[in-house]
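J.: So the chains spell out like this:
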Amino acid sequence: MATTGIINGTLMRLYKDSTAIGYATSCQMNISAAMREILTKDSAAGGWREVKKGQLSGTLSTEALYAGPGDSSTNYLFDDLFTDLISGTALTIKFTTDVQGDNVFTMSAICTSLDLNAAVEENTSYSASFEVTGAIVKTTKA
Amino acid sequence: MKLRLIKTWNGKPIGATGVFLSDFGKQLVADGIAEHLDDDFVVEQMPEKQVQEAPQPIYIPVPMPMDYFQDENELEKIDVKIDLSKAKK
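Chains as they are written, first to last, in our numbering: chain H, 2 to 143; chain V, 2 to 90.
If we strip away everything but chain H, and leave its shape as in the complex, we get (with noise of 0.2 Å):
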């Protein structure tokens, strides 16, 4: 049964195929369509501008704390992350609560910075970011 009310932000997570992103403590998607001017001399528009949508493309980030490789968790870690930076491997995320009638949000996308943040008594944080390649497709939880 579909989430009723205002999605507690903890229940959305990212997940990398069927793993949890972990350790993380706020994930991000960020969809955004760029606009192309189509003002002309014909226009009527009175020298206002006029747009239509052109390019559409979506981010994903998140921020998490840091755990090496003495970690037992089966979710997946910076080190993880790490390794797909570097070979620029394209990534399937789903971003969703996991709850049946809920949405997931599928796409392809590249790890394209990550963060690492030591303070002194402080919990080691890293954050990483994600360009989507390609579309995000929405989908009801069966």
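What the hints contain is simulated information worked out from the structure, not anything from laboratory work. Here the structure is a predicted model, which means the values were calculated and not measured. Accuracy of the hints is not assured; some may be wrong.
Said to hold, decoys possible - Derived BS3-like pairs: lysine-lysine, alpha-carbon spacing no greater than 27 Å straight-line:
hint: 1; chain 1: V; residue 1: Lys-3; chain 2: H; residue 2: Lys-17
hint: 2; chain 1: V; residue 1: Lys-3; chain 2: H; residue 2: Lys-139
hint: 3; chain 1: H; residue 1: Lys-53; chain 2: H; residue 2: Lys-42
To be verified - A short list of chain V residues far from chain H (calculated; beta carbon distances all over 10 Å):
hint: 4; residue: Phe-42
hint: 5; residue: Pro-66
hint: 6; residue: Met-67
hint: 7; residue: Leu-85
Every residue gets a Cβ at the ideal spot worked out from N, C-alpha and C, and that includes glycine.
The hints should help you fit chain V onto chain H, whose structure is shown.
T.: Chain V alone, transformed into the frame defined by chain H:
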């Protein structure tokens, strides 16, 4: 869904836990690779910042001779006289 591996999977050792999409997780359970964990099981133990407590002072009793205390009661009788009539330079 939260799973614990009961067989080595994808280079991860037996006993490792993780969060999987339910369709995939059910398949792992059906294949005998993992077991389903209770929803309340905490897979990801987030590290907590250690609170550094201020060290407590240690009082070491120092033996003193009795005559050190003989004028203790006299301290209250000290008469402090401040002459406010003199102007500061």
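J.: Does each hint hold? Answer for all of them.
T.: Results of checking the hints against the structure:
no., hint, verdict
1, V:Lys-3 x H:Lys-17, "holds (15 Å)"
2, V:Lys-3 x H:Lys-139, "holds (24 Å)"
3, H:Lys-53 x H:Lys-42, "holds (17 Å)"
4, Phe-42, "holds (13 Å)"
5, Pro-66, "holds (48 Å)"
6, Met-67, "holds (50 Å)"
7, Leu-85, "holds (52 Å)"
Of the hints listed earlier, there is not a single one the structure fails to meet.
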